[in-house]
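**Q** Assemble chain B with the ligands onto chain G, guided by the hints.
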Amino acid sequence: MGKLFDKLMEDYRFKEGLNACINCGTCTAICPAAEFYKYDPRSITNTVQNKDDAEIEALLKSETIWYCGECMSCITRCPRNNAPGLIIMALRNLSQELGFFIDAEKGRQQYVLNKVLCGNILNFGYCVYPRTFLYKDHPESGTTGKWIEDNLEAIHNRLGSNLDGSGVGILRKIPQEDLDELKTIFDVTGATARLDLIEKLSLKKADELGFTQEEYIEHIFTITEIDHYQH
Amino acid sequence: MIFNGKQRIWSEYQKEIPDDHYFYVRSCIRQNFFPASEKTFLDIVQNRLGLDFFETEHHTTCGGIAYHSDSIPQETLMTIVARQFALMTDAGYKNYVASCITSFGIYTETLETWRHYPELETKVRESLWKATKREFNKPEYLAHASDVIYKLRDRIATASVNRLVNKKTGEPLKVVEHIGCHYSKMFPSKGVGGAEYPYVLTGMIEAWGGEIIDYPERRHCCGFGFRQYLVKANRGYSLSNTHKKFESMKPFKPDMIITNCPGCPYFLDRWQYVISEMEGKTYGENSQGIPVFTYEEVAGLVLGYDPWDLGLQIHQTGVEPLLDKMGIIYNKADKYKL
Ligand code: SF4
Ligand code: SF4
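Residue numbers (this note's numbering), protein chains in the order written: chain G, 4 to 234; chain B, 190 to 527.
Isolated chain G (complex conformation) (with noise of 0.2 angstroms):
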């Protein structure tokens, strides 16, 4: 038994995750990601079943661990109870523990999703919140979206938010105390150690690229380089 595949064994969505695979390729068949990127979840889950160290490496150092939308629509149909969508959690949390994901084009995306996502539950409490959710980063929100944007306070105001007000509601102002119990959290069980390593290898990897920190920022965020897709 391999000593990756011994690593994975400790993640709970990995236990739960794999059984045996039978190889059927009904989950790549009904999969988002599967049509949309060179993606085959049946290969990954017989992959890490086969407990090959050097195999494993090769997955936790790739791109394909990062294209799967965590849908989980492998686990409803899947005839032997596997779950490809879980074994692809408990692989990105590897590869992040390692350091593996900077070798990854998507997997170094993961800085920008830290940045937006974790800061917006550190800082507010919410996972989305409608002061950092820009028109400029998300065109796709429409006309109506640049009007919401414009307009944020009068609208919530006419639908009944509490934008950044005190007490109940919708977008309520979070008290400092429970950001405070967040953010105590976040030290006890290892997202801010996670987070402060992903930040320095990112830093490192921007400074080989020439990049400042936002530089780099915009690029993952906005650059493919690489051609990912099914053709």
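Where hints are given, some of them may not hold.
[To be verified] Covered stretches of chain G, going by a simulated chain B footprint (3 or more residues, C-beta under 8 angstroms):
| no. | segment |
| --- | --- |
| 1 | 34–46 |
| 2 | 49–60 |
| 3 | 124–131 |
[Stated by the list, open to error] Cross-link-like lysine-lysine pairs, in silico, BS3-like; alpha carbons within 25 angstroms at most:
| no. | chain 1 | residue 1 | chain 2 | residue 2 |
| --- | --- | --- | --- | --- |
| 4 | G | Lys-41 | B | Lys-421 |
| 5 | B | Lys-421 | G | Lys-207 |
| 6 | G | Lys-149 | B | Lys-521 |
| 7 | G | Lys-18 | B | Lys-327 |
| 8 | G | Lys-118 | G | Lys-176 |
| 9 | B | Lys-421 | G | Lys-118 |
| 10 | B | Lys-421 | G | Lys-203 |
| 11 | B | Lys-327 | G | Lys-186 |
| 12 | B | Lys-363 | B | Lys-421 |
| 13 | B | Lys-421 | G | Lys-149 |
| 14 | G | Lys-149 | B | Lys-526 |
| 15 | B | Lys-514 | B | Lys-470 |
| 16 | G | Lys-139 | B | Lys-421 |
| 17 | B | Lys-524 | G | Lys-149 |
| 18 | B | Lys-363 | B | Lys-340 |
| 19 | G | Lys-208 | B | Lys-421 |
| 20 | G | Lys-207 | G | Lys-64 |
| 21 | G | Lys-186 | B | Lys-312 |
| 22 | G | Lys-208 | G | Lys-118 |
| 23 | B | Lys-322 | G | Lys-186 |
| 24 | G | Lys-176 | B | Lys-322 |
Calculated from the structure, these hints are not laboratory results.
Keep in mind that this is a model prediction, so the values were computed, not measured.
Every residue gets a Cβ at the ideal spot worked out from N, C-alpha and C, and that includes glycine.
**A** Positioned in the frame of chain G, the structure of chain B with the ligands alone reads:
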């Protein structure tokens, strides 16, 4: 009663949904994109039906979007969840209801994983104590807010002012129902009707006069994909999957789409706009889009709420074709009034 075929399969997935006394937690996505839906939900259950739904200002995100974008470890997520349960315990409630589907999936995953691996629950209890000095009881019942509206669908039908019927022809409106993937694909027994034949929205539509369309990609993901939408460079994934659904439903000529996840209606609404801008292609009648709704908005229309109080003006795909079919009177000039 003897059930056959699909009816029999549905009957195997009958979920127990308490009538009253819920601890209510909001959805980050719904608050951002469909705030009036949460307002309508609480107005229906608290004010119209006089039920007890309690909210505390101290609850936060469950962390679900970050978790499924692989930005936080599982233990972090579960400790945030445990903190929410502690707030429920302190408030004296046993029934827990989430507005968000991602959250509902997260709560279900947490409780089920703890059931399989009790040592993980012990570890999370220790982490929560260390971080916050809080303790908790697990909820006795976990519901998604759409389960509650499903349960109340006949009471809503009795009080209805409008029905999901074409007022001119008298025909039932043709409705696409889209269930958020994390409602029941991971744990089918936790959703009304299971994963293959979820009944939670179908039950509402049937009770309110509409007719459900069964089309090939009915169970396909809306295309959110977490990191596949949130990172701009990946968004083609999200758009392509929504496109696939619309191509599949178009021949069935839907009048409307109803959803129970707060994210799906955003993507089904906004990507229609993008497809029409990019390809000049539309999926509804008369070169218009197919209006997309949350279940709270549909319940609100049925109960006679003003469309602009329901927040239908912050949809990108116009909702007027559906309002006209239902014979709902609305003031055009009020749409963008602030
Ligand atoms: S969870 Fe991932 S692997 Fe499974 S069907 Fe969804 S995109 Fe495919
Ligand atoms: S559906 Fe299940 S058994 Fe079939 S290839 Fe996928 S993981 Fe293996």
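**Q** Does each hint hold? Answer for all of them.
**A** Results for each hint:
1. 34–46: Per the Cβ count (5), the hint holds.
2. 49–60: violated (count 0)
3. 124–131: holds (count 5)
4. G:Lys-41 to B:Lys-421: Roughly 19 angstroms between the alpha carbons, so the hint for Lys-41 (chain G) and Lys-421 (chain B) holds.
5. B:Lys-421 to G:Lys-207: Given that 25 angstroms is the threshold and the Cα spacing comes to 23 angstroms, the pair holds.
6. G:Lys-149 to B:Lys-521: 20 angstroms, holds
7. G:Lys-18 to B:Lys-327: Holds, at roughly 23 angstroms.
8. G:Lys-118 to G:Lys-176: Since the Cα atoms of Lys-118 (chain G) and Lys-176 (chain G) sit roughly 20 angstroms apart, the hinted pair holds (cutoff 25 angstroms).
9. B:Lys-421 to G:Lys-118: With a Cα-Cα distance of about 14 angstroms, the restraint between Lys-421 (chain B) and Lys-118 (chain G) holds, given a limit of 25 angstroms.
10. B:Lys-421 to G:Lys-203: 23 angstroms, holds
11. B:Lys-327 to G:Lys-186: 23 angstroms, holds
12. B:Lys-363 to B:Lys-421: Violated - the C-alpha atoms of Lys-421 (chain B) and Lys-363 (chain B) are around 34 angstroms apart, more than 25 angstroms.
13. B:Lys-421 to G:Lys-149: 17 angstroms, holds
14. G:Lys-149 to B:Lys-526: 16 angstroms, holds
15. B:Lys-514 to B:Lys-470: OK: Lys-514 (chain B) and Lys-470 (chain B) at ~22 angstroms, within 25 angstroms.
16. G:Lys-139 to B:Lys-421: 11 angstroms, holds
17. B:Lys-524 to G:Lys-149: Given that 25 angstroms is the threshold and the Cα spacing comes to 16 angstroms, the pair holds.
18. B:Lys-363 to B:Lys-340: 22 angstroms, holds
19. G:Lys-208 to B:Lys-421: 20 angstroms, holds
20. G:Lys-207 to G:Lys-64: 17 angstroms, holds
21. G:Lys-186 to B:Lys-312: Given that 25 angstroms is the threshold and the Cα spacing comes to 18 angstroms, the pair holds.
22. G:Lys-208 to G:Lys-118: 16 angstroms, holds
23. B:Lys-322 to G:Lys-186: 14 angstroms, holds
24. G:Lys-176 to B:Lys-322: This hinted pair holds, its Cα atoms lying about 23 angstroms apart.
The structure does not agree with the numbered hints 2 and 12 stated previously, though it agrees with the rest.
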